[in-house]
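There are 2 protein chains.
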Amino acid sequence: MSTQLQSPVESVTDMVEGLARAARAARAAQRQLAQLDAPAKEHALKLAAEALRGAEAEILAANALDMANGAANGLTPALLDRLKLTPERLAGVADAVAQVAALADPVGQVIDEAVRPNGMVLQRVRVPVGVIGIIYESRPNVTADAAALCVRSGNATILRGGTEAVHSNRAIHAALVRGLTQGGVPADAVQLMPTQDRAAVGAMLAAAGLIDMIVPRGGKSLVARVQADARVPVLAHLDGINHTFVHAAADAAMARAIALNAKMRRTGICGAMETLLIDATYPDPHGLVEPLIDAGCELRGDARACAIDPRIMAATDDDWDTEYLEAILAVAVVDGLDEALAHIAAHASGHTDAIVTDDQAVADRFLGEVDSAIVMHNASSQFADGGEFGLGAEIGIATGRLHARGPVALEGLTTYKWLVRGSGQVRP
Amino acid sequence: MSTQLQSPVESVTDMVEGLARAARAARAAQRQLAQLDAPAKEHALKLAAEALRGAEAEILAANALDMANGAANGLTPALLDRLKLTPERLAGVADAVAQVAALADPVGQVIDEAVRPNGMVLQRVRVPVGVIGIIYESRPNVTADAAALCVRSGNATILRGGTEAVHSNRAIHAALVRGLTQGGVPADAVQLMPTQDRAAVGAMLAAAGLIDMIVPRGGKSLVARVQADARVPVLAHLDGINHTFVHAAADAAMARAIALNAKMRRTGICGAMETLLIDATYPDPHGLVEPLIDAGCELRGDARACAIDPRIMAATDDDWDTEYLEAILAVAVVDGLDEALAHIAAHASGHTDAIVTDDQAVADRFLGEVDSAIVMHNASSQFADGGEFGLGAEIGIATGRLHARGPVALEGLTTYKWLVRGSGQVRP
Chain A
1 MSTQLQSPVE SVTDMVEGLA RAARAARAAQ RQLAQLDAPA KEHALKLAAE
51 ALRGAEAEIL AANALDMANG AANGLTPALL DRLKLTPERL AGVADAVAQV
101 AALADPVGQV IDEAVRPNGM VLQRVRVPVG VIGIIYESRP NVTADAAALC
151 VRSGNATILR GGTEAVHSNR AIHAALVRGL TQGGVPADAV QLMPTQDRAA
201 VGAMLAAAGL IDMIVPRGGK SLVARVQADA RVPVLAHLDG INHTFVHAAA
251 DAAMARAIAL NAKMRRTGIC GAMETLLIDA TYPDPHGLVE PLIDAGCELR
301 GDARACAIDP RIMAATDDDW DTEYLEAILA VAVVDGLDEA LAHIAAHASG
351 HTDAIVTDDQ AVADRFLGEV DSAIVMHNAS SQFADGGEFG LGAEIGIATG
401 RLHARGPVAL EGLTTYKWLV RGSGQVRP
Chain B
1 MSTQLQSPVE SVTDMVEGLA RAARAARAAQ RQLAQLDAPA KEHALKLAAE
51 ALRGAEAEIL AANALDMANG AANGLTPALL DRLKLTPERL AGVADAVAQV
101 AALADPVGQV IDEAVRPNGM VLQRVRVPVG VIGIIYESRP NVTADAAALC
151 VRSGNATILR GGTEAVHSNR AIHAALVRGL TQGGVPADAV QLMPTQDRAA
201 VGAMLAAAGL IDMIVPRGGK SLVARVQADA RVPVLAHLDG INHTFVHAAA
251 DAAMARAIAL NAKMRRTGIC GAMETLLIDA TYPDPHGLVE PLIDAGCELR
301 GDARACAIDP RIMAATDDDW DTEYLEAILA VAVVDGLDEA LAHIAAHASG
351 HTDAIVTDDQ AVADRFLGEV DSAIVMHNAS SQFADGGEFG LGAEIGIATG
401 RLHARGPVAL EGLTTYKWLV RGSGQVRP
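Those protein sequence lines, which keep their order, are chains A and B. Residue numbers are given in our numbering: position 399 of the first sequence equals residue 399, and the series is strictly consecutive. Residue numbers are given in our numbering: position 226 of the second sequence equals residue 226, and the series is strictly consecutive.
Read the hints as simulated data drawn from the structure, not as lab findings. Some hints could be false.
Since the list gives no way to pick out one identical chain from another, each pair is judged satisfied if it fits inside one copy or across any two copies.
[Stated by the list, open to error] Computed list of lysine to any residue pairs in SDA-like fashion (alpha-carbon distance at most 20 angstroms, straight line): (1) 220 <-> 209; (2) 46 <-> 101; (3) 220 <-> 208; (4) 84 <-> 218.
Let the sequences and hints guide you as you build the complete structure.
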């Protein structure tokens with residue numbers, strides 16, 4: 001490992017204290033940031049995008065150092081590709097920041113208001129969540145994306161990127177802060193954890209009251225660790241074990257197209273279908289599975305599914321609870337809507353589940369009874385995405401039940417407070 | 001301790017497994033409950049209220065047993081009073097359940113909707129949170145109140161009441177379930193933890209994924225333990241360290257009335273003022289503190305506050321961070337709005353903070369910059385209450401930043417899901 005990757009050895013106590021200092025500085029900066037109006041935040045983010053473009057040479061040089069270290073440390077080609085920045089990719093990072101700058105500002109929005117019989121006027125008004133921790137892996141673009149979303153919604157952020165991207169992240173962070181401070185955003189509103197020690201993540205996860213919310217962005221092991229250890233609320237999804245149920249009354253051409261798209265358009269995204277449920281009385285099950293097999297998808301079925309096509313291999317119990325994220329699909333034949341609902345209730349991860357049917361009453365029951373963040377009728381689960389939902393950039397997708405569910409964009413980075421305007425009312 | 005209070009000794013493992021079974025049964029029951037429409041839930045809750053009225057004799061007998069045990073165990077008169085049920089109090093409990101039955105149903109409400117360019121129709125629709133744990137102390141009415149709010153909002157609930165109220169809670173729970181099941185609510189939707197072992201609370205707090213949210217209702221030590229140990233999201237407030245800032249431009253009569261009411265109307269509620277901040281240039285500070293002193297309130301001030309009246313004693317550092325919940329008030333003199341904001345930022349617990357001023361610009365800054373669940377202008381902080389806010393019965397007041405803040409009523413017991421209605425859309 002290159003000496004540049006060494007951090008000064010810190011004790012865990014030092015780390016916890018350092019994080020507490022950083023978080024308090026972030027809180028103070030957030031209070032200033034919260035007073036900036038929408039045009040001021042937009043302007044500052046445009047300056048940040050410009051600063052990223054202006055720092056191309058130093059960011060690419062830093063990235064080259066990370067790439068060299070990564071290669072020396074034996075990172076896989078896939079990891080190196082995630083880590084790599086090119087002039088085009090960096091321009092894309094800057095463009096994304098500029099696009100976040102232009103998003104509508106949720107802060108200050110009045111959710112509802114009421115006048116009480118005693119004349120007090122009540123409003124619920126959106127305000128930033130506060131201090132948001134982002135814990136992520138090798139992609140250095142997250143540094144800019146996440147910071148931009150937090151700033152746009154008036155939040156301070158503490159970023160903790162992957163060790164392998166440390167130089168890239170520092171260079172991106174430095175450029176961002178240069179632009180943001182020119183626009184009046186306090187520097188402490190966007191902080192990059194200085195240490196690369198893994199214990200730093202532990203300190204963030206334990207920082208209840210100092211950090212208001214943590215968003216992990218990365219692979220399953222990162223998310224699992226964050227969810228298991230955090231004392232701070234976490235916005236995340238661990239799995240996207242998404243089902244598509246092709247009901248007896250589905251249009252066959254539509255069902256074929258949706259099943260193929262839901263699985264094969266991109267197999268590696270969290271909205272990809274992982275289990276296909278076929279109604280036992282659906283007239284053309286072979287026509288449904290054949291395009292998938294032809295497209296190179298491996299199918300693993302229960303006994304009745306295996307009878308549809310000899311190329312379907314037998315599933316094991318684990319298959320019903322597996323997020324493949326590749327060209328593998330579990331297939332079960334179920335007896336009607338109730339069995340489909342029971343299978344989904346038992347195995348879905350609460351991300352995105354879909355039904356294909358022309359029977360409106362069946363669709364309504366499915367939409368009503370499936371308890372996932374996103375429930376779809378006659379559409380591909382690959383649409384489970386903030387951009388596709390019209391939300392602009394998303395900070396992530398949440399499968400927890402509180403605060404925000406499904407694609408989380410700027411609104412999910414806000415909370416509300418109650419404003420009460422009186423004229424001297426006292427309570428009898 | 002009476003033998004009736006003994007529970008069979010259970011190992012912690014048994015307890016954890018027992019809770020997991022109970023929570024899974026609650027989840028299954030919740031899925032059935034979620035399918036009941038608003039009139040059905042209203043009807044079931046009215047039957048529950050009737051069942052409570054019909055079970056008066058057995059509930060009062062059970063309560064008499066708790067009272068006798070409590071007296072034998074040396075409970076304080078205050079605790080015994082909280083524990084005690086009378087025919088009038090029990091009628092009040094039943095009435096409260098009937099009132100919750102009549103509240104508007106948040107479930108199914110469409111938060112927003114959009115049609116995407118590809119024709120997909122998106123809706124965010126309110127749905128129940130799921131399984132809610134309620135951990136409470138001696139007041140047996142919480143058994144009925146909390147259960148009613150959960151049922152009304154389509155949630156299953158697992159109740160864990162105080163050991164001293166075990167017989168009362170069992171009798172109330174039995175009556176409730178009798179009424180609810182007559183109305184089609186599955187019995188497992190409202191469960192009372194059978195064991196009185198304190199480890200049962202630990203099992204609930206650890207039940208991430210089984211219980212979706214925990215609401216502690218009780219004193220500070222209960223809330224502190226729940227907040228410290230819970231792996232499940234908690235909706236609660238620990239402290240109500242509420243400030244009222246009397247600005248230089250406050251109307252003197254209004255300021256006097258609000259300060260007196262905010263502190264002395266009821267000193268023991270979480271919305272009571274605990275710190276009075278007086279602007280250094282406010283013209284009549286003595287007129288402000290005198291009615292409080294005359295009403296029997298002990299005032300503890302900083303040096304400038306002590307100079308207002310010799311009966312004000314010197315505050316210690318702890319006073320600025322103390323929720324007295326009695327006739328004691330901390331008083332500080334501050335130099336204008338900025339110092340008041342800084343004091344509040346440093347010491348408020350995020351519950352309810354208020355300003356009294358006739359200067360609209362100052363009020364607007366205060367409302368904008370104070371980062372508490374409730375921020376008031378020219379009104380008494382004693383209004384911090386779900387009923388006063390027109391929300392109907394509240395499950396509690398939350399000072400956390402996510403999901404729900406301030407008074408939490410039925411809406412705070414819901415979350416949302418995304419419904420996507422397509423016509424065969426696949427993602428390009």
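Legend entry - Unmet hints by their number, sorted upward, for this structure: none
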